[in-house]
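Protein chains in written order, with our numbering: chain G, 5 to 272; chain D, 5 to 272; chain X, 5 to 272; chain L, 5 to 272.
If you are wondering where the hints come from, they were derived from the structure by calculation, not from laboratory data. Everything numeric in this text was worked out from a predicted model, so none of it was measured. It cannot be assumed that every hint is accurate.
Pairs count within a copy or across copies, as identical chains cannot be separated in the list.
In silico EDC-like links for lysine to aspartate or glutamate, alpha-carbon gap of 20 Å or less [as the list claims (entries may be wrong)]:
1) Lys-17 - Asp-89
2) Lys-250 - Asp-76
3) Lys-192 - Glu-219
4) Lys-17 - Asp-87
Number of protein chains: 4
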Amino acid sequence: MKAPIRSNPMLEKLAPRPGRFALLPELTARQELALFCRALHREGYDDHIAGHITVAEPDGTFLINPWELAWDEVTAADIIRVDGDGIVIEGQWNVTPAVGLHLAVHKKRHDLKVVLHNHSRWGLVWSASGRVPPVYDQTSGQVEGDPVFYDEYAGSVDGASEAEAAAEALGQEKWALLKNHGVFVVGKDIRQAHLRAITLEHRCRLAWHVETLGEGQPITDPETLRVAQMSDDLGFPFLWEAMARKEIRLDPRVLQGDPTSAIKGKAK
Amino acid sequence: MKAPIRSNPMLEKLAPRPGRFALLPELTARQELALFCRALHREGYDDHIAGHITVAEPDGTFLINPWELAWDEVTAADIIRVDGDGIVIEGQWNVTPAVGLHLAVHKKRHDLKVVLHNHSRWGLVWSASGRVPPVYDQTSGQVEGDPVFYDEYAGSVDGASEAEAAAEALGQEKWALLKNHGVFVVGKDIRQAHLRAITLEHRCRLAWHVETLGEGQPITDPETLRVAQMSDDLGFPFLWEAMARKEIRLDPRVLQGDPTSAIKGKAK
Amino acid sequence: MKAPIRSNPMLEKLAPRPGRFALLPELTARQELALFCRALHREGYDDHIAGHITVAEPDGTFLINPWELAWDEVTAADIIRVDGDGIVIEGQWNVTPAVGLHLAVHKKRHDLKVVLHNHSRWGLVWSASGRVPPVYDQTSGQVEGDPVFYDEYAGSVDGASEAEAAAEALGQEKWALLKNHGVFVVGKDIRQAHLRAITLEHRCRLAWHVETLGEGQPITDPETLRVAQMSDDLGFPFLWEAMARKEIRLDPRVLQGDPTSAIKGKAK
Amino acid sequence: MKAPIRSNPMLEKLAPRPGRFALLPELTARQELALFCRALHREGYDDHIAGHITVAEPDGTFLINPWELAWDEVTAADIIRVDGDGIVIEGQWNVTPAVGLHLAVHKKRHDLKVVLHNHSRWGLVWSASGRVPPVYDQTSGQVEGDPVFYDEYAGSVDGASEAEAAAEALGQEKWALLKNHGVFVVGKDIRQAHLRAITLEHRCRLAWHVETLGEGQPITDPETLRVAQMSDDLGFPFLWEAMARKEIRLDPRVLQGDPTSAIKGKAK
């Protein structure tokens with residue numbers, strides 16, 4: 005592979021060949037975030053303009069998608085930067101008032117680079133049902149453990165104390181169902197957050213279909229998922245790259261407009 | 005933002021930045037209505053050529069989509085104008101006989117500019133179930149209160165007395181489920197009617213998924229929705245603009261043909 | 005309207021205006037049939053290459069879509085003509101062995117011009133459930149009466165005696181659910197057959213959603229549907245034209261290749 | 005027909021006409037496999053980059069889609085070749101570690117040319133439900149017999165002994181549901197494997213819809229399916245060709261890049 009993928013010792017042995025083309029072009033952080041928004045929109049994270057993703061940068065600032073745009077239209081040029089107080093310091097758009105929730109989590113979890121919240125289609129169904137969906141297949145089991153079910157949210161995501169309470173409830177976990185309010189997913193990088201977000205939606209969708217049929221047999225033996233769960237830590241080989249590539253193929257404008265990009269598309 | 009958005013005192017403080025591009029081009033009333041038809045068609049208001057939207061103009065006339073066309077093909081040039089008796093006074097198409105229902109509501113509700121009726125996918129399911137769907141998430145709760153469930157409709161929408169009865173049943177409310185016949189939504193402008201229409205469809209869809217799973221926990225504490233419900237009155241920031249922008253992006257012809265438009269597209 | 009629509013005395017009074025453009029171009033019989041295949045495929049009549057539509061011509065022959073092609077790819081040039089014994093007499097493709105079922109119906113029903121069979125998505129569900137779906141909304145009730153539920157089909161549609169038995173079972177009715185085998189719809193012309201086919205699929209889809217929710221309130225008072233049911237006989241104004249127009253807009257090749265057409269597209 | 009179709013004695017009698025155009029262009033083995041991946045992705049075999057298809061070549065090697073790419077993007081140029089031990093001997097991409105499962109089946113089943121595994125949408129639902137879906141319509145019954153329900157899979161597809169156990173469980177059968185892990189389909193060629201794969205997904209989807217409605221009447225008389233089941237052995241006439249043609253129509257790049265192809269498209 006010409007494009008860098010996350011270091012995975014198994015992959016060097018299992019996939020030594022370079023590939024017919026680079027899995028992805030070299031991407032700036034803004035391009036990667038714009039692709040992430042679009043890829044998740046396609047998976048069901050599509051409640052109009054709801055939802056935000058923050059990416060922690062090494063200098064203590066954060067990239068975030070703007071308040072004004074839907075996830076399926078955002079381009080690299082639209083990504084804004086906020087400081088640790090959520091004040092916009094780069095970019096022309098505005099930041100959601102809900103940024104406080106993201107910042108509260110980043111403050112407690114320096115192991116994380118990515119924090120995302122949205123009202124995904126199937127995640128919402130279980131968030132309104134008061135239950136965590138069982139793991140009904142191997143794909144659902146790629147991320148170990150159940151989401152936190154956080155049921156004390158009281159209607160707003162802009163109040164500081166509520167944001168802190170939510171961050172507290174997440175604790176050291178990977179993901180959460182917010183009662184009557186969607187999902188919350190974090191990760192050490194976009195590849196990991198992507199796998200967790202699509203796994204959660206898959207798990208919620210499959211479990212609904214299985215349980216409405218009425219005879220589900222969830223996976224209960226943890227050994228069954230041992231190999232699958234290596235994906236969460238090491239990365240599912242090639243998966244994020246394929247999904248990002250699809251977005252570029254379907255609308256190359258997603259990469260446009262980042263002045264630091266090798267692909268210097270004109271802003272739309 | 006360069007494009008005018010509805011005055012919202014909170015927004016001036018929360019979103020002071022002008023944006024990388026105008027949220028929407030300046031739109032004529034006809035263009036706005038054509039965009040509204042298309043955006044709702046994409047959300048599930050798609051029963052072939054059923055459904056109409058009237059927009060009250062300051063001079064006592066009404067703009068309306070023509071009888072002959074589906075919501076996903078209408079352009080600004082297709083919008084017609086009727087007088088207070090429902091007689092076409094501008095445009096080349098014909099008006100639905102169902103216009104009487106709209107006019108009866110406009111007559112009683114001078115606080116409203118927009119009246120819409122259609123057979124939306126999920127709205128129909130609940131309209132046939134004899135129940136109002138509970139509010140299972142924050143998005144469903146953006147519009148305060150339950151729809152009127154109007155169950156005395158007797159099969160036709162063109163009789164004057166039936167239209168008056170329906171207008172009577174709506175009273176001072178925002179929306180209604182028409183038993184075995186779809187939905188009815190009104191608003192003080194297109195932004196408000198848009199939020200109500202998509203919220204109703206979302207609420208109906210989510211509630212079906214939650215209740216078929218069998219363990220729904222609806223939101224019952226009104227305080228939970230306090231912030232979300234500010235959207236109905238003040239407008240959900242940037243939402244309508246994003247959905248209208250999507251329609252322009254996917255088919256710019258939607259704006260064509262309005263002689264009063266700044267964007268003077270040729271008629272198809 | 006510049007394009008001819010079926011004579012409907014009410015329409016002359018209700019829709020006197022000519023329209024901004026013709027509702028449809030003048031269509032040959034082959035173009036109309038190709039459009040019908042495509043429009044129904046989009047509505048759920050999409051079981052791969054299954055399904056055929058015959059159109060009786062004044063000279064005792066029949067137009068039919070070819071055996072080899074899917075409904076979503078057929079063009080005017082692909083339509084073939086068979087004689088009263090089902091022998092191909094015009095066109096380059098082959099005819100389905102299932103044509104016998106169609107011919108058996110045409111033989112008994114000289115009031116009909118159109119006979120169609122397919123395995124539509126929602127029609128199949130009810131055909132496998134042993135029940136006719138109740139009428140849960142006005143749109144479902146546009147066609148008066150329940151489909152015949154024909155449960156003696158024994159696996160093949162090419163045997164003459166089975167075809168006659170099926171034709172016998174249909175009798176003077178408009179439509180049928182074939183047990184474990186899809187649907188059967190007839191009409192005096194394509195406009196009527198189109199309305200019946202989309203109404204059946206709508207009725208089946210809505211009824212499934214209502215009954216899985218569990219509290220359906222079907223329409224039982226026939227008076228409720230009196231106006232809606234005028235559509236079956238007189239035609240639902242402008243509906244077929246809008247759906248055919250959509251197919252032309254999305255893929256104008258559908259009209260190509262008919263040597264008798266005013267629009268002389270080149271064969272693909 | 006100008007393109008070769010599988011020899012079917014009935015077809016020579018029933019479909020003697022050559023057709024208006026070739027059903028498919030002449031295809032190389034790589035092009036056929038790329039088309040197969042894309043056609044199944046469209047039918048619900050779409051769990052991101054999961055799933056592989058092996059095609060046995062006369063020289064004892066196997067063609068397979070690469071590990072790195074999703075089924076909806078693969079082109080002829082991307083197909084790789086492995087030897088009997090699963091070592092890549094042609095092509096630039098890498099092979100999935102799951103190839104062992106495929107090779108174990110090919111080793112036991114010299115009657116087969118094609119082995120495929122994926123996590124199809126509706127297949128997964130039943131695989132998690134512990135039951136084989138009944139046959140609720142004729143289309144579902146085109147392939148005789150129930151899938152093997154293999155429930156001893158223990159979490160990995162890369163261990164040799166597990167691969168052999170799975171091959172053992174499949175035995176001489178056509179298809180299997182892998183508990184909590186998707187489906188497994190084999191065939192003597194791509195046409196047969198295609199029919200089996202789409203039939204399994206159709207059967208799973210329909211059965212779910214019928215059983216959630218609650219009153220299913222499965223087909224139990226084998227005589228009912230006698231004619232339909234001829235398709236599995238003789239091939240469903242024209243079906244594979246139509247589905248492959250659709251992929252070419254929607255994205256002709258699928259054929260590109262195979263140096264042995266008559267259609268010498270440039271690699272993307």
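So, going through the hints one by one against the coordinates:
1. Proximity of Lys-17 to Asp-89 under the C-alpha cut-off of 20 Å is restricted to the inter-copy arrangement: shortest distance 16 Å between copies versus 44 Å within a copy.
2. Taking the shortest alpha-carbon separations for Lys-250 and Asp-76, both the intra-copy value of 13 Å and the inter-copy value of 9 Å come in at or below 20 Å.
3. In the homo-oligomer, the alpha carbons of Lys-192 and Glu-219 never lie at most 20 Å apart, since the shortest distance is 36 Å inside one protomer and 34 Å across protomers.
4. In this assembly of identical chains, Lys-17 and Asp-87 lie within 20 Å of each other by CA distance solely across copies; the values are 18 Å between and 41 Å within a copy.
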